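J.: Letter by letter, the chains look like this.
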Amino acid sequence: MEPVHIIQGTAVPLDRSDVDTDQIIPSDWLKRVERTGFEKGLFSEWKDNKDFILNDEAYSAASILIAGPNFGTGSSREHAVWAIQQAGFKAVISPRFGPIFKNNSTKNGLVPVEVESDVGERLLAEVQKQPNIEFVIDVEKAIVEIAEIDLQFSFPLEQSIRERFLKGLDDIEITLASETSISQFEQTRLAWLPTQIT
Amino acid sequence: MGKTLSQKIWDNHIVQSREGEPDLLYIDLHLIHEVTSPQAFDGIRMSGRSVRRPDLTISTEDHNVPTINIHEPIADETSLKQVETLRTNTKEFGITHYPMGHPNQGIVHVIGPELGLTHPGMTVVCGDSHTSTHGAFGSLAFGIGTSEVEHVLATQTLQQPRQETMAITVNGELPQGSSAKDVVLAVLGAIGTGGGIGAIAEFRGSVIENLTMEGRMTVCNMSIEFGAKAGLIAPDETTFEYLRGRENAPSEEFWEAAVNEWEKLYTDPDAIFDREVTLNGSDILPQITWGTNPGQVIPVNGVIPNPANFDDPAEREAAVRALEYMGLQAGTPISDVPVDTVFIGSCTNSRIEDLRDAAEVIQGRRVAEGIRTLVVPGSGVIKKQAEEEGLDEIFKASGFDWREPGCSMCLAMNPDKLDPRERSASTSNRNFEGRQGRGGRTHLVSPRVAAATAIAGRFSTPEDL
Ligand code: SF4
Numbered sequence: 001m002e003p004v005h006i007i008q009g010t011a012v013p014l015d016r017s018d019v020d021t022d023q024i025i026p027s028d029w030l031k032r033v034e035r036t037g038f039e040k041g042l043f044s045e046w047k048d049n050k051d052f053i054l055n056d057e058a059y060s061a062a063s064i065l066i067a068g069p070n071f072g073t074g075s076s077r078e079h080a081v082w083a084i085q086q087a088g089f090k091a092v093i094s095p096r097f098g099p100i101f102k103n104n105s106t107k108n109g110l111v112p113v114e115v116e117s118d119v120g121e122r123l124l125a126e127v128q129k130q131p132n133i134e135f136v137i138d139v140e141k142a143i144v145e146i147a148e149i150d151l152q153f154s155f156p157l158e159q160s161i162r163e164r165f166l167k168g169l170d171d172i173e174i175t176l177a178s179e180t181s182i183s184q185f186e187q188t189r190l191a192w193l194p195t196q197i198t
Numbered sequence: 001m002g003k004t005l006s007q008k009i010w011d012n013h014i015v016q017s018r019e020g021e022p023d024l025l026y027i028d029l030h031l032i033h034e035v036t037s038p039q040a041f042d043g044i045r046m047s048g049r050s051v052r053r054p055d056l057t058i059s060t061e062d063h064n065v066p067t068i069n070i071h072e073p074i075a076d077e078t079s080l081k082q083v084e085t086l087r088t089n090t091k092e093f094g095i096t097h098y099p100m101g102h103p104n105q106g107i108v109h110v111i112g113p114e115l116g117l118t119h120p121g122m123t124v125v126c127g128d129s130h131t132s133t134h135g136a137f138g139s140l141a142f143g144i145g146t147s148e149v150e151h152v153l154a155t156q157t158l159q160q161p162r163q164e165t166m167a168i169t170v171n172g173e174l175p176q177g178s179s180a181k182d183v184v185l186a187v188l189g190a191i192g193t194g195g196g197i198g199a200i201a202e203f204r205g206s207v208i209e210n211l212t213m214e215g216r217m218t219v220c221n222m223s224i225e226f227g228a229k230a231g232l233i234a235p236d237e238t239t240f241e242y243l244r245g246r247e248n249a250p251s252e253e254f255w256e257a258a259v260n261e262w263e264k265l266y267t268d269p270d271a272i273f274d275r276e277v278t279l280n281g282s283d284i285l286p287q288i289t290w291g292t293n294p295g296q297v298i299p300v301n302g303v304i305p306n307p308a309n310f311d312d313p314a315e316r317e318a319a320v321r322a323l324e325y326m327g328l329q330a331g332t333p334i335s336d337v338p339v340d341t342v343f344i345g346s347c348t349n350s351r352i353e354d355l356r357d358a359a360e361v362i363q364g365r366r367v368a369e370g371i372r373t374l375v376v377p378g379s380g381v382i383k384k385q386a387e388e389e390g391l392d393e394i395f396k397a398s399g400f401d402w403r404e405p406g407c408s409m410c411l412a413m414n415p416d417k418l419d420p421r422e423r424s425a426s427t428s429n430r431n432f433e434g435r436q437g438r439g440g441r442t443h444l445v446s447p448r449v450a451a452a453t454a455i456a457g458r459f460s461t462p463e464d465l
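Heads up: the sequence lines are chains L and X, in that order. Each residue of the first sequence is one higher than the one before, starting from 1 at the first, in our numbering. Each residue of the second sequence is one higher than the one before, starting from 1 at the first, in our numbering.
For reference, chain X alone in the conformation it holds in the complex (with noise of 0.2 angstroms):
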């Protein structure tokens, strides 16, 4: 029987095999950033161990830094202490350090595709749970905890179970106005935030092979949600154009060598999957989540759910505590809902085609009155590159605060947060309780619903505007 393709890349980091053991796996790319990685390095310090590979270690600060006035001093205490902790770490450690302000800092899921850092084929491990973002590249990249952190930082591997595999398959051509996000999202909404538990997931069919990096990007960032360990995509024509000439992208000297290995990486045709979902592309509408997990998804024509009409109880109970929790009635059309704010950022959809994106909605139209709107590029590079198309003028130009590379209001750890019963269209993962600030109410969307929110002041596609 065949193998699929990350049963491929697993095999391909075995380090050693014992029964009765997690096998263990060699690292190619270590990902750090401030948060997860301070315990870690005390560890290894207390331990009186090194770094083994701190050339196969990158590092960013993205979840505490402001995103205006970056060239002062963090401000919140605690944030600039974890900062500057990162700072020394690196340095005593010889870890490549990119600090707020370096043309290449930025949210750790996306610099490292962007920099080139993420082959296809490789492993990837980062302190993070989106970590899955680089299984985009046909990479197994996935999130681990701070003692994992530890564990990479001191020998470079991680032991780890094998795990099930599955495949979603979303056939067909999605409709005209949906994106990469909402692919996911209705993926969320097929199969809920434990549907992937156990299991490696492989996105394949015509609707993922049409997507470019930015949507595959979009689509790996999310297989968390689910609960997958990681999730990932085969390695094709589109990966390789988009690595060619990265910085750290094979050289033209390795070029054609490095393609060669490449293009082994696909799931055999005989190969078995131990979970199958299929999904048919074309059912696809723009979604959004009208609940405080990722799995609460209906299109954006839906009505909020009535609570009565979910079969599990657990699930019932959830609804009912969501919609207390979202201030929502059931059978409310959610483009009744009017928001407050709009964000436009995170390692999801920061890109510089999901800045496009939006920028193509709103230009020669105005926010609507009243409503906070922040567009934050994921990096350095994408804000620069937004700049030279100037993306920047066309926000600004529409009432948008063009903002600093981080993950900024994503995660309520820096100063852009949601305020109390505050509404918001994010174009994040995340819309857990208080996950934007104490009290926010998160609704998840693409970058195009998010900007036609905006100029609406209620939830709406471009198509409605």
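The shape of chain L in the complex, shown without the other chains (with noise of 0.2 angstroms):
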């Protein structure tokens, strides 16, 4: 993955809670093998309707996507994280994640921003009134500026998780440097756990 220090952009203000992975990418759009291709399928049920929030051409620069609590809960696919990315989005704002969008996203650098749900609703009532405010998120520091309306935030990231995204690292090559270690568990299998013969 690319490595990300700072974003820097507007937002766009998707004020729903319980915003699975099936809305954010519909199960037709999974039955492509290819990694790329998923910006057009990104909310692509409620894209339909004129009056959806990303249709709106106030917002069509937006770089961070505010949404309400339990953003990206059910299904694991990880091409809703790729859908969001390849929409150009760079950040995810939200009171709470479905863990596993949570950690996917981690796994491509797309930052989870998680906030205290009065701060979630005060930004998406900021960016609903104006849509041109700019946000600063510094991964470094896990902090949020917005200083046109004076508010400066901080969020949870695991130290794990900030390195990987400011160096850009690769988990598999992280793990297989630890092979030695891997190995030796190995011996210590259980002689009775399955293995299918191949």
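Do not take every clue at face value.
In silico DSBU-like cross-links for lysine-lysine, where the CA-CA straight-line distance does not exceed 35 angstroms [what the hints assert, rightly or not]:
no.	chain 1	residue 1	chain 2	residue 2
1	X	LYS417	L	LYS47
2	X	LYS81	L	LYS90
3	L	LYS40	X	LYS81
4	L	LYS90	L	LYS141
5	L	LYS47	L	LYS90
6	L	LYS50	X	LYS417
Hints are computed from structural coordinates only; laboratory data are not their basis. On a predicted model such as this, the values are computed, not experimentally measured, just so you know.
Taking the hints as your guide, dock the two standalone chains into a single complex.
T.: Below you can see the structure in the form of structure tokens.
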């Protein structure tokens, strides 16, 4: 993955709770065997409604998605993260994320910014009022700054994830450095555990 | 201080633990299917890596497969390509694969347990959120994304940060007519779709102990619906009995040693859970969802709630939107709502016991006029067993369609779909907007309620027929 340090840009307010991954990318899109080409699938069922916020010109340049609580619950489809990224978003802000979605985000360099509920509500309201306010998300400090409304807050980001973001590290590479430990562990495997003869 | 069951399994699988880094856990069993694996295999190839343990990996095709005419090629081109890609990938990397029509083929979470692949104390992963199903055996089983599928293929391990622990205790005894599905829906009603985020949930208490393995799988299956990393149940005699003699279970030579190990898998009496939820089992009536997330649930004798009565603003707005999408009015008794389709299947409720439950309700009765009904066994093994028991004849005689195994109408990736505004009673696990087909309206229920609803033409319990 590409390193991520600072994300600077405007945001779009998706004022809904429980936006599950079936909404983010409906299952028809999951038939693709490639890793690209998912941007058109992003919220494809909601996008048919011309009033849907992502169709609003005022937010067309947004690179940050703000949503209500329980964003990305449901299916494990990483396609949801790919679709959001390929549509130009670099971070998602929500008071609570579906855990698999959040994990998938961190593997792809999409920054999940978890906020207190009241902060989440305030951000949605502010961005609904003024589409152009600029957010600065500093991954190293795990801080969001919005100068125009004089707001600064920190968000939780585990040290190990922060490091992967900043350096653009590949998990598999990191793990393979511990190959000896994996082999040693395999020596202790219980004799009756299932194995397929291939 | 003692350890909880999930902590014991976790600790038994630590390959490496370092300050400030997630633990590196060994994975005992990796299940794969056509939807979340193609990009992972591509990654393996592009980086010149190989699959470390093809012998610990099992593959099946389930999401895309049609449930009729399976001896013909898949008509949908993109579905066909995805399935063929899996066949090629498993062949290239030497992974056992069960294709459509193979007696062992079926929904990934149904075939694992029934082939005896899931043992107590194991770590099991799959690129699918309902991997939590396997926790019914007292294993640590969780869904992963495609990047992690690639990670497991390449290393047979995963980097995982520690989770909180959560106890969900269901005491007492279920009323006659309530089932495992109602238990887990009631849990969802109590704690909501975010109630388990950040934790591994252990189900305990007399109601859970009295469930069969099929019922325990139904309960654990839906732990992801409240956001838990995994759900699990301590193994006991019921677990051991289920496993004994199955294809991949420990052979007689190892049986005693295995059981000795398994008997150590329980939460120590002095262990402390980070979160605790307790429900009284005798309060759990048959449940039905009314909205567009599985936490929006009421008892089947209830009325559609009024959004104004929700204190939380986000919940209130979600309720308003859900009623609009579902085409429902607050205050309507749910038993007055007619359905168009009844679907009995999915990794939540497609096992032999579910089919027996449904067949018992419909035997000697006819499906109501104009209702589409599908029964989709979870696997080839279940289909065969059901046919040996004559269940298929009961379904067909009542007017149900008897299908070939697969995910079917659970997720709208294959030909079995709802039409816009079509209303279903479904034994699956998700009632999200469009989950069963664009614009479709899904109500989650148990197999008994689904069967009774097919007969009555509106939401009903067998007792009301
Ligand atoms: S039956 Fe439904 S929930 Fe289960 S694996 Fe298939 S699509 Fe997923």
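J.: Work down the list of hints and note, for each, if the structure agrees.
T.: Now the hints, each set against the structure:
{"no.": "1", "hint": "X:LYS417 / L:LYS47", "in the structure": "holds, 21 angstroms"}
{"no.": "2", "hint": "X:LYS81 / L:LYS90", "in the structure": "holds, 31 angstroms"}
{"no.": "3", "hint": "L:LYS40 / X:LYS81", "in the structure": "holds, 20 angstroms"}
{"no.": "4", "hint": "L:LYS90 / L:LYS141", "in the structure": "holds, 17 angstroms"}
{"no.": "5", "hint": "L:LYS47 / L:LYS90", "in the structure": "holds, 20 angstroms"}
{"no.": "6", "hint": "L:LYS50 / X:LYS417", "in the structure": "holds, 25 angstroms"}
Taken one by one, the earlier hints all hold for this structure without exception.
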